[in-house]
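Number of protein chains: 6
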Amino acid sequence: MPRFQDRALDELRPSLIERDFTQMALGSALISVGKTKVLCTASMEDRAPAWLRGSGKGWVTAEYSLLPGSTPERSGREASKGKQSGRTLEIQRLIGRSLRSVVDMSAIPEIQLVVDCDVLQADGGTRTASIVGGFVALSDAINRLIDMNRISKRALIGQCAAVSVGIVDEIAMLDLDYSEDVRADVDMNVVMTSDGKFVEVQGTGERTTYSKSQLDDMLSLAEHGISYLMDLQNAVLSDPPKPRSK
Amino acid sequence: MPRFQDRALDELRPSLIERDFTQMALGSALISVGKTKVLCTASMEDRAPAWLRGSGKGWVTAEYSLLPGSTPERSGREASKGKQSGRTLEIQRLIGRSLRSVVDMSAIPEIQLVVDCDVLQADGGTRTASIVGGFVALSDAINRLIDMNRISKRALIGQCAAVSVGIVDEIAMLDLDYSEDVRADVDMNVVMTSDGKFVEVQGTGERTTYSKSQLDDMLSLAEHGISYLMDLQNAVLSDPPKPRSK
Amino acid sequence: MPRFQDRALDELRPSLIERDFTQMALGSALISVGKTKVLCTASMEDRAPAWLRGSGKGWVTAEYSLLPGSTPERSGREASKGKQSGRTLEIQRLIGRSLRSVVDMSAIPEIQLVVDCDVLQADGGTRTASIVGGFVALSDAINRLIDMNRISKRALIGQCAAVSVGIVDEIAMLDLDYSEDVRADVDMNVVMTSDGKFVEVQGTGERTTYSKSQLDDMLSLAEHGISYLMDLQNAVLSDPPKPRSK
Amino acid sequence: MPRFQDRALDELRPSLIERDFTQMALGSALISVGKTKVLCTASMEDRAPAWLRGSGKGWVTAEYSLLPGSTPERSGREASKGKQSGRTLEIQRLIGRSLRSVVDMSAIPEIQLVVDCDVLQADGGTRTASIVGGFVALSDAINRLIDMNRISKRALIGQCAAVSVGIVDEIAMLDLDYSEDVRADVDMNVVMTSDGKFVEVQGTGERTTYSKSQLDDMLSLAEHGISYLMDLQNAVLSDPPKPRSK
Amino acid sequence: MPRFQDRALDELRPSLIERDFTQMALGSALISVGKTKVLCTASMEDRAPAWLRGSGKGWVTAEYSLLPGSTPERSGREASKGKQSGRTLEIQRLIGRSLRSVVDMSAIPEIQLVVDCDVLQADGGTRTASIVGGFVALSDAINRLIDMNRISKRALIGQCAAVSVGIVDEIAMLDLDYSEDVRADVDMNVVMTSDGKFVEVQGTGERTTYSKSQLDDMLSLAEHGISYLMDLQNAVLSDPPKPRSK
Amino acid sequence: MPRFQDRALDELRPSLIERDFTQMALGSALISVGKTKVLCTASMEDRAPAWLRGSGKGWVTAEYSLLPGSTPERSGREASKGKQSGRTLEIQRLIGRSLRSVVDMSAIPEIQLVVDCDVLQADGGTRTASIVGGFVALSDAINRLIDMNRISKRALIGQCAAVSVGIVDEIAMLDLDYSEDVRADVDMNVVMTSDGKFVEVQGTGERTTYSKSQLDDMLSLAEHGISYLMDLQNAVLSDPPKPRSK
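Protein chains in written order, with full-length UniProt numbering: chain A, 1 to 246; chain Z, 1 to 246; chain G, 1 to 246; chain Y, 1 to 246; chain C, 1 to 246; chain B, 1 to 246.
Everything labelled a hint here was simulated from the structure, so no lab data went into it.
Only a predicted model underlies this, so the values are computations on that prediction, with no experimental measurement involved.
Careful, some of the hints might be misleading.
For chains that are exact copies, the list does not tell them apart, and a pair is met inside one copy or across any two.
Below, computed lysine-lysine pairings styled on DSS-like, alpha-carbon distance capped at 30 Å [as the list claims (entries may be wrong)]:
#1 Lys81 <-> Lys57
#2 Lys197 <-> Lys153
#3 Lys35 <-> Lys242
Please model the complete structure; the sequences and the hints are all you need to start from.
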């Protein structure tokens with residue numbers, strides 16, 4: 001069964017990042033990966049979380065949400081249900097950990113940077129797209145705070161990106177769309193930094209188990225895709241961000 | 001004090017509606033009014049709300065949310081707080097009532113159309129922009145359901161749009177942006193149909209009271225603005241919607 | 001179809017305010033409008049809301065509730081459901097805004113006055129009755145605080161009252177009871193001050209739309225009814241409140 | 001230290017029951033015990049609770065609430081906090097069990113009677129006043145349902161009432177008001193039926209413990225007070241209830 | 001109908017207390033009464049509850065939970081339902097009041113001792129077992145805090161224990177197991193101190209009422225059972241607790 | 001820095017599984033890994049989750065909780081906070097997925113097996129201990145249901161176990177205790193089946209990133225530890241479970 005639009009097994013869907021899609025938050029990026037679209041914004045809060053106050057350190061956290069109209073079958077609004085699902089909480093914890101891996105917490109003292117990832121359209125890979133776009137929003141926010149002399153220049157200590165890989169019908173493939181994801185035997189999300197190291201590897205065999213060699217195949221595909229996405233991030237970020245009036 | 005970019009007192013901010021900004025929901029529109037941007041989607045649920053079942057009627061409802069990064073000061077996410085604010089509930093009740101005024105509930109039997117209005121960027125007038133954009137999304141959803149022979153042709157019985165007006169420094173003006181809204185003595189939201197009738201008039205004197213003649217002035221301004229926005233809706237909707245594969 | 005007990009179109013239902021129905025709160029009034037009965041109490045809290053602290057200003061807020069046994073069909077208790085409905089929140093926001101229009105916030109520094117409106121029996125018009133009775137409770141609370149030298153004499157800067165009007169079978173009428181309300185095409189709540197100005201106008205065409213001339217007719221009826229209710233408030237408040245031992 | 005208004009140790013506060021204080025619910029009573037005022041209403045729901053359906057039996061339950069303005073220091077509204085306190089839940093469980101002791105559940109098949117006890121003014125003894133007034137409301141509701149041929153004539157199988165007793169400064173006394181309750185070493189609530197049997201005995205030594213002879217003294221006082229309150233119930237209920245139009 | 005394993009009417013089920021079953025909390029006891037098993041732990045929190053701060057006093061509180069797998073029919077997890085039942089809150093209030101009766105709050109200044117009672121297996125009598133085991137955990141926690149010079153030596157001012165009694169088929173009996181509890185006409189929980197005084201008496205006639213002489217019979221049985229359980233507590237606590245490394 | 005009690009880098013802590021520690025649920029196991037103790041129970045619910053009904057399939061799910069007294073610093077009770085943390089939800093999703101990998105859902109039609117993992121004492125590795133002990137409880141529950149002819153014999157299709165591995169001070173080691181976990185640069189949880197395949201690999205570099213060769217080292221250690229734990233499971237399960245009376 002060929003992939004949609006004859007995509008190769010190691011080929012990403014067409015991907016695009018629109019910088020500053022909105023302009024209220026300190027950083028903003030609309031990332032599209034195939035039909036998946038995620039609006040990522042990075043905002044600053046003047047207070048670190050309670051458990052960190054007085055430590056001289058700051059924090060980076062993330063929140064994630066599927067807009068109700070982002071899916072063919074409308075997904076219920078968590079705000080009206082009164083609680084976030086386990087899936088949502090698990091995803092936002094992953095995004096937060098990933099982004100923290102490239103920020104020096106002692107360089108953003110007593111503040112918190114919050115990266116909001118709101119999925120406008122969902123077609124698989126929303127959590128990894130959130131990390132890729134979230135990094136762009138976060139990077140711009142940090143650079144604007146540096147320009148405003150709010151934080152030190154060494155706050156951003158690396159670059160990170162993420163991609164999903166999986167095994168469908170016993171074949172490892174890169175960047176599953178939704179129709180592939182529901183048929184997948186194994187689903188894996190990989191987050192890496194620009195020095196080729198892993199931040200997160202989360203591989204789940206929901207329908208079947210997987211061998212060590214399959215794991216290795218998936219990690220190779222992921223490395224390949226992440227490298228491409230980092231080029232995309234770098235292209236978007238090549239100019240310094242425009243100053244925010246605020 | 002002149003308005004931003006020397007806007008006239010009876011002039012709307014530059015407004016734009018992007019039809020089918022997303023393509024999972026049955027209808028979708030991204031409306032921009034100045035810096036305010038709202039993504040409106042219309043989805044169908046196969047079941048009417050419980051209190052209506054078996055009546056042979058359907059229902060139209062709306063949900064509204066500010067994305068956390070839509071404001072200069074990040075606004076907390078209601079899903080993580082575990083409840084929607086009174087402001088949110090009040091706004092979504094207004095949007096729902098307004099859109100129901102142009103739909104024949106007996107022509108959409110036993111289904112529910114849900115219009116989600118998610119504010120990507122907030123600079124005043126988000127609830128009225130939601131009604132204007134929500135109408136476009138709803139209209140497309142209804143026409144697609146007609147094309148799919150799911151509902152009868154006479155479901156959409158009118159056109160509605162909305163605008164805010166207010167009194168700032170004793171002067172009535174159309175379409176307040178956020179900086180005007182916070183200085184306003186009186187804030188009024190008006191929803192009308194294309195036959196020049198009112199669906200909703202909500203005028204609040206938060207800082208001062210207002211006279212009958214001020215009320216009349218504001219209603220005239222509103223009528224003028226709504227007429228313009230209806231032209232915009234008609235231009236966007238002039239072609240029939242493209243079929244959804246779903 | 002004649003009104004109950006042959007009431008005229010511009011006639012209020014028999015209305016009565018019992019001052020000091022309870023005596024724990026600083027002010028208390030039981031208002032009856034036809035069968036509708038609302039117990040309004042005004043209490044003082046020593047702290048202004050968090051967002052106002054240190055500003056030298058105080059605040060007035062309102063809470064509203066239908067007692068479960070107030071309706072022929074028992075209405076569920078919001079405390080046991082764990083959340084207040086959109087209707088409740090919308091109503092208490094309206095009552096709070098209305099009562100704030102007659103209080104000088106800088107004259108009640110760093111305190112909060114809370115007006116609780118608990119509906120003992122509901123037969124239409126509960127939100128407007130709450131405003132009428134709430135004003136009496138608030139006025140007594142403020143005057144008692146003045147007598148106790150807790151706040152300055154100029155805290156109360158006006159008088160407000162409210163009434164509902166509507167269009168039933170194409171006829172505008174004053175003060176709808178429940179049986180009229182469910183048949184109404186248009187329902188409007190109007191809040192005014194004693195100088196004939198509007199605090200709030202909220203007109204909703206749930207079943208149909210309405211023209212400008214119908215709007216004007218409803219506003220005239222409302223002005224007439226509010227004038228009567230202000231006389232009733234004045235009669236009740238003609239003597240100074242008795243001191244509270246507290 | 002003498003009691004307020006030189007009340008004897010075995011003397012109830014002045015008590016009054018106003019039947020049909022409201023007229024929407026099937027039964028209604030406003031009970032005053034000293035300054036304590038509780039509005040009790042009894043409503044019918046057409047469905048028994050889920051766990052009982054199909055058993056041929058019905059159920060009686062109670063809900064209790066302090067109105068925020070019922071106390072000198074305003075008590076927070078549980079509906080806005082989003083949960084009921086342990087105290088509230090404990091009290092309403094007690095009221096429910098007490099009232100169930102006098103109803104034959106098989107005589108009210110597949111329905112639920114809900115007794116709402118809303119405290120308009122709180123000065124001690126609100127839970128026992130709720131039982132006394134709740135019985136009157138429930139009795140009227142049951143008799144009206146019998147008149148409407150909804151339930152069988154033998155549904156009400158007894159009469160119950162309740163009173164608080166306590167030990168203050170080592171002295172046992174009947175019917176503690178709030179000022180006595182806060183000083184009490186031991187606080188006991190007793191619920192009895194008209195045949196002199198106990199439904200509930202709940203004695204708590206919050207500040208100190210108590211001996212068997214002190215327990216016996218308190219039970220004697222309680223029996224005396226309950227006998228008086230049953231006479232009051234009987235006087236109020238001596239005529240049959242007026243028919244409800246509903 | 002004889003009792004399980006021919007137990008006499010005034011005989012407790014086999015009871016056992018394992019001290020220090022876990023070792024993270026300051027005190028820990030696993031109590032078994034027949035098949036009922038409750039793990040009780042006592043922990044210290046460095047801050048008194050808000051309403052007590054600055055008073056120089058401390059507080060003792062309790063929390064109670066049924067593990068979902070503790071009952072033959074799995075009981076839902078309250079954490080996932082999002083609220084604790086009325087039963088849970090009522091029980092933990094009882095345990096807390098009981099344990100506070102034997103602690104001098106001024107001897108544990110500005111701290112809070114929390115006794116957690118988690119039911120691993122439920123076969124009747126879980127609330128009274130929690131009090132018996134909770135006392136052991138609390139006693140060890142207090143003695144360890146004394147050894148660590150955190151609190152004064154006179155914090156523990158008594159010993160308390162509890163048992164259930166009831167009337168089944170008109171016969172009073174001690175320590176009901178679950179099968180007896182569901183058939184019981186009257187269910188009573190009694191908490192006493194070692195000087196033979198009552199802390200709590202809670203007797204409920206859910207299915208029938210009870211006479212004064214039946215009450216007296218139940219209290220005698222309870223006194224007998226509590227005396228035995230106090231011996232068990234004393235045996236377990238005869239040696240001083242081993243030091244905690246923490 | 002040597003490990004506690006000179007444990008080797010590839011050595012598990014002393015581990016023990018007590019089968020049938022409680023006897024109400026269909027399966028029960030108390031697992032100890034070092035000081036970590038988790039009580040796992042498996043219960044049956046007669047209905048599959050709503051989304052599965054009518055499919056002829058069943059479901060296996062898990063719930064996880066830390067008892068408040070399981071940690072040196074008392075952890076707050078999620079039931080009283082009213083929501084489960086993201087950590088809790090993430091862990092119980094992991095346990096559920098892992099256990100589902102060894103059950104054939106079509107062999108347990110229209111029922112749900114719930115595995116509750118309640119941590120009595122927490123010293124690192126609670127989620128992996130929950131999987132190891134949860135498998136034992138689940139296996140016994142399934143075998144008892146087979147004995148009761150409730151489900152088919154082929155429901156259990158494999159064996160699974162789990163362990164944590166990590167990198168501390170640049171050294172990979174097996175089965176981190178809490179003191180190691182807080183110092184770890186990388187933390188990884190691995191779930192495998194008895195045929196040497198992976199169910200889950202979750203590796204997180206919270207403090208630093210990790211290379212492919214470090215990943216491989218950790219996976220080797222995990223395979224070694226899991227093999228030992230599977231022997232332990234097999235030893236415990238070598239006899240068939242005793243019948244449950246229920």
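Should Lys81 paired with Lys57 be assigned to within, between, both, or neither, using CA atoms and 30 Å as the limit? between (35 Å within a copy, 25 Å between copies)
Intra- versus inter-copy proximity for Lys242 and Lys35 (alpha-carbon distance at most 30 Å): This pair counts as both: shortest intra-copy Cα distance 28 Å, inter-copy 17 Å.
For Lys197 vs Lys153, is the C-alpha pair at or below 30 Å within one copy, between two copies, both, or neither? Only inside one copy: Lys197 and Lys153 sit 24 Å apart there, 46 Å across copies, limit 30 Å.
In the structure shown, no violation is registered for any of the earlier numbered hints.
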